[in-house]
Amino acid sequence: MMRPTRTAGGVAALTLALTALAIVIESPAAIIAAGSLSIFLLWRAGRFSRNLHALAASLTVSRDVNRTILRQGAEAHVRVRVDLAPPPGMEVRVRDIPPAVAVGTAPLAESGETATYTIRIMAPGRTTFGGVILSARDTYFSYDLHIRHLNKPSLRVFPVRAAEGGGGREGSGMQEFEVDRKANLEGPTVRGFRLYRSGDDPRLIDWKISAKHNVFYVRELTGLEGGTPFIVVDLPTREEGDHETFARYSMIVADAIEGAIESRTGCSLLVIAGGEVTRFLSGTSDVGEAFAALGGLVPVESRAPLYRAPGSAVLSTRARLPGGGEGPEKAYRARLGRVLTGFVRENRSPFGDAVAAALARVEATEVHLYTLARGDASHLAQVIHLARSRGMRVVAKMPRGAPIPPGADAMEAI
Amino acid sequence: MTDRRFLILCAGEVLVVAVGNLLAALVIQVLILAAFLDDRRGYPILIAAVALYAAVVAILGHILLSLLALAIALICGYAALTLHDYRLTQWARGSA
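Top line first, the protein sequences correspond to chains A and B.
Under this note's numbering, the residue at position 126 of the first sequence is numbered 111, and the numbers go up by one with no gaps.
One rule links them: number in this note's numbering = place in the second sequence (from 1) + 1.
Errors might be hidden in some of the hints.
What the hints assert, rightly or not - Here's a subset of chain B near chain A, in silico, CB distances under 10 Å, partners left out:
1) D4
2) V20
3) Y54
4) A55
5) A93
If you are wondering where the hints come from, they were derived from the structure by calculation, not from laboratory data.
For every residue, glycine included, the Cβ atom is placed at its ideal position computed from N, Cα and C.
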């Protein structure tokens, strides 16, 4: 339902006051004043309604889920892109509605933006998204329209096994969960399924589901819940410290990689040096290969400095800052947001693209960023914002007292 | 709209009431609303509606009857908006 804003409320109150005055003093001029303000509000409401129709008709939502077949309780990463043509003078935001049986909250998105969030499906069966809420507002009215039919894709959720769920079978009547008796003997069980990607192990292809959907699906095992750890190592530059510091840093990074590979089934590794990606390994289980990628962790010359450039992810965040304030300040913020958005679209950095491509390849939910955090930290800021824009948590691991890169979720001293 | 513009609107309405004459009140009212608006697309429609209402007031010549005519017009407008809103909601549900 259309809601009046503070301005419309003020005009309505003025109309009532003029109406009362017209009755008391019996003035035709007061009647004209009251009547014209009433007609004015009705006209604005009609215009808002017409604009809202046009806006809703122009709305397109593109929603991608990393897995459409998954196990109950497993996480799914959702990316929603919203495109629409807002009429002049209208502020528009769109919020995605997760499935009713899911836990997770979607952020607000504006036209042309992609919102990323994570949901956890809590009930088995086939489910769909709840659609989107289109929030429109002009000076006089606002409206939250729940568009339910934009609910693709549907998700298929398998029930968690009785043993995993902790539910007893005795006296429970009908069997509620599927039971895989061999699973206890076979190690990791299947957590969910996702589409096959180039480079996946062919042994992980699930032929039954692939045949049913006519596209390759691979199994994801419970041992990989949360994905393999993604370790980002920032190689120090020559001017950043002494030999003892480098040796200690090298030892800590090597221990972390070795520990990650031994405790899980693999480790994804990204090695950067300033604004340059020197090596990327996706899900490697080979300690030797990982150490070779680090190149001995010797200090390097910075060949591609970013000169404190914030990068497209940071600029996108700034462009989305809420437009608070009044009058000129609000107009300034809106204009700055448009300039930054335009700048983001037209200026892409090779470093940002390379890091984004690496982040897209890994299944991690957490990034461990190892750095000495000295000198220009713009490349760190870009990595952090790109990871966060994909819904990943970033833990910066750096020497105590070093400046914490902006945007990191947590910092651990090394 | 800032609070200052709303205060200007209030002051303008006081001027409209103070003028007393129907035609002068109509002209001043149109000017005040034009100054009040940022975006004047479709403004001639509003002027026509206000002028029509002024004609109704002049013809009826009675305050309460004029208010009754206004109330009827507003109820009709509200009904049209509600119907529009209903159709939009049906579309959003995917059933239209």
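Hint check results:
no.: 1; hint: D4; verdict: holds, 9 Å
no.: 2; hint: V20; verdict: holds, 6 Å
no.: 3; hint: Y54; verdict: holds, 5 Å
no.: 4; hint: A55; verdict: holds, 6 Å
no.: 5; hint: A93; verdict: holds, 4 Å
The structure fails none of the hints (numbered hints given earlier).
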